[in-house]
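Student: Protein chains in written order, with the numbering used here: chain A, 1 to 277; chain B, 1 to 277; chain C, 1 to 277.
Hints listed in this document are in silico derivations from the structure and should not be mistaken for laboratory results. Even for Gly, the Cβ is constructed at its ideal location relative to N, Cα and C. Be a bit skeptical, because a hint or two may be false.
[Said to hold, decoys possible] Pair by pair, the computed Cβ-Cβ distance ranges are:
#1 His176(B) <-> Ala109(C): 35 to 45 Å
#2 Leu216(B) <-> Arg264(C): 27 to 37 Å
#3 Asn160(A) <-> Gln115(C): 29 to 39 Å
#4 Gly236(A) <-> His176(B): 38 to 48 Å
#5 His260(B) <-> Arg264(A): 30 to 40 Å
#6 Gly235(C) <-> Gln115(A): 27 to 37 Å
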Amino acid sequence: MSVTRRRTVITLLTDYGVVDEFVGVLHGVIAGICPDAAVIDLSHGVPPQDIRAGAAVLVHSLPYMPVGVHVAVVDPTVGSDRRAVALRLADGRILVGPDNGLLWPAAVAGGGVEQAVEISASPWRLEPVSATFHGRDIFAPVAARLASGDSLDMAGEAFNPDQLVQLEAPRASTEHGVVLAPVIGVDGFGNVQLGAVHEDIESIGLGLGDRIELTLESGETRVGTYALTFSDVSGGELLLFEDSTMQLALAVNRGRAADHLGVRAGDRLRISVCREL
Amino acid sequence: MSVTRRRTVITLLTDYGVVDEFVGVLHGVIAGICPDAAVIDLSHGVPPQDIRAGAAVLVHSLPYMPVGVHVAVVDPTVGSDRRAVALRLADGRILVGPDNGLLWPAAVAGGGVEQAVEISASPWRLEPVSATFHGRDIFAPVAARLASGDSLDMAGEAFNPDQLVQLEAPRASTEHGVVLAPVIGVDGFGNVQLGAVHEDIESIGLGLGDRIELTLESGETRVGTYALTFSDVSGGELLLFEDSTMQLALAVNRGRAADHLGVRAGDRLRISVCREL
Amino acid sequence: MSVTRRRTVITLLTDYGVVDEFVGVLHGVIAGICPDAAVIDLSHGVPPQDIRAGAAVLVHSLPYMPVGVHVAVVDPTVGSDRRAVALRLADGRILVGPDNGLLWPAAVAGGGVEQAVEISASPWRLEPVSATFHGRDIFAPVAARLASGDSLDMAGEAFNPDQLVQLEAPRASTEHGVVLAPVIGVDGFGNVQLGAVHEDIESIGLGLGDRIELTLESGETRVGTYALTFSDVSGGELLLFEDSTMQLALAVNRGRAADHLGVRAGDRLRISVCREL
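Same shape as in the complex, but just chain A (with noise of 0.2 Å):
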């Protein structure tokens, strides 16, 4: 009888774009440490150098990747002295890229770290290492050994996950029945991802169906519909929505919602019950 061992999956998030062959060169180191692997591109479309951002995309999408090993890199401080890690998190995955915060929500929403090792001299990595590419030298060859079954242990120096840097992501706050939500990015629709869930918005008395007065940084106003997708608005029509993360963004039916409104990454948007006749 033949036992299939079944494919370990190495997942991979980058701030590499996807018109240089950066992306492509992870592919290869891998492929040629555990070809068996299966690769799978979460996205490399991380607006550059923006560990916040990547941090959000990591710890909304790892529930629906197998478990396995998976890369991030969003690395302004490369080649500096910040530490190069792999993580062991309870619920079985493991992390693999920079300790600049980038790995820590998805760290906690995995149950917090079990095994944290430095890899910045690992055994495994390519030599001579580059300053400036450490996907290449450093991430990929450890995620491709670690997925090809070698032991963690194996991969550097121990050290105690307290030392990782943190990362807190932005939240909405509320005073005065107004929830005031910071702009967390835009996605390629042109729809506006919030840091506030529904609750915030149920906290100032409103619930699906129900009109908001949007307040801009400018100062500006507009007027949308608490709904629950796009079809729910008219064509052109502004809607907030749960997005498939469940957290809020804000859309525009056919349209797209950042470009009509003007906002952008880092914004702070203030919303509140629609006082219109």
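With chain A held as given, fit chains B and C onto it using these hints.
Tutor: Same frame as chain A, now just chains B and C:
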């Protein structure tokens, strides 16, 4: 003796773009259900919410794909009461996507629909089903179950294929020696795809090597050549040619025709014999 | 006992972009012929029709790819009488693509061409061969047949490798203490890749940590540091560094050097010792 089952192919065509993690999440969901599927990204660059453009890519590309499960998602009315469907074609392919016309030309080209199943409430969907990301919650898991060998009968509720939303591709017409051709799209090289074929041009007396006159929507005219390939004309010159999907297209040798001409999807162009001396 | 044959790697490098379905069609054609191949997308973001840029990516990336069949398509004269070729290198790799110089630097780096075969009329091509999409009709099917173990002898007509089109990469020159360096390209982070190496800079007396003066084509000058990595200079400051391909490049820490400097591929920059007080 060990018998290896051939990996089932799943192809993915969407308007999700390659910046966000949406495509990566589809891959993760599929890998979790059917790790042995061979997943091919046909394209994720369909212009957002452009059902006609997506339908054209699907029908022109499927002949080059192995027979398998073919997911297509361009879905501006996601979350409304439009059907989510899985269709078995006469040629053995299974199409999975929204019933908004997107799948129709490919279904016709595949010999018609032999079995139609509504999967909106499929037992295989991921709960809770989001209102806006049915690719993740319905189409990907249903495709993965079908690829792993589960029966289409079990995917949802059978319905009469005659009820499917139909989509007619815009096609050229000919009158008084002029071909009136719709612009279907513009590719990454700036080439302009027309809803016309060689026979249209032939019917007004044009053959390979002949000079053509092109009239833009503005009424301006341009002169070019009906040629086999780019290098048949000088750098910077306009050509009309039969592209790799057997449709006519406009190009500029070593240039971007769409920019030179200032045309875009939806324009209607007039092509006639060139009267120049 | 069951013996598993290692999957042959096929790498793909093109200027097709990731918006259209061209890349997906290559994957489909390959999957139909050699479903067991492991296909790696090296990059599809080569600037359209830029043979030099494609050649540079290929030669710098192949060392990180497993030995396999390596397809490269940047092909402005597709459909003309330029040769389509498959080349076996001394290092065991097989290159497949147009004979326009694109493959040349990689062939030299791979120890030279041991066997050259013209595949324009290969028995393995897809009929009818289009005039404009030889990736689909010639290069992908030939690569897939080679990956599935068919002999290069059978791919087409042997010819003398001395007849291959050669391509010389633009290289820096040095005179009177100034390095005159061509700009090869700009990556997705805005880093500016130069056709120069550490030895060029060393020859005018510069070492790590030294201040440099950069003279743009306009005659304007900028001051920076010859450093190991981005974080060795302050945010917003210019650095010259050895990039991950061992070529010199210009960057701005946490910025986009190409935008700051207003340079692009083809420019020639002058680098000298900084005379500032």
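Student: All hints, please: hold or fail.
Tutor: We went through each hint and held it up to the structure:
1. Taking 35 to 45 Å as the suggested C-beta distance range, the pair His176(B) and Ala109(C) does not conform, at roughly 60 Å.
2. For Leu216(B) paired with Arg264(C), a C-beta distance near 31 Å keeps the hint of 27 to 37 Å intact.
3. Checked against the hint of 29 to 39 Å, the C-beta distance between Asn160(A) and Gln115(C) comes to roughly 57 Å, which is inconsistent with it.
4. Remark: the range hint 38 to 48 Å for Gly236(A) to His176(B) is upheld by a beta-carbon distance near 40 Å.
5. Checked against the hint of 30 to 40 Å, the C-beta distance between His260(B) and Arg264(A) comes to roughly 33 Å, which is consistent with it.
6. Distance hint for Gly235(C) and Gln115(A): a CB-CB separation of about 34 Å, consistent with the stated range 27 to 37 Å.
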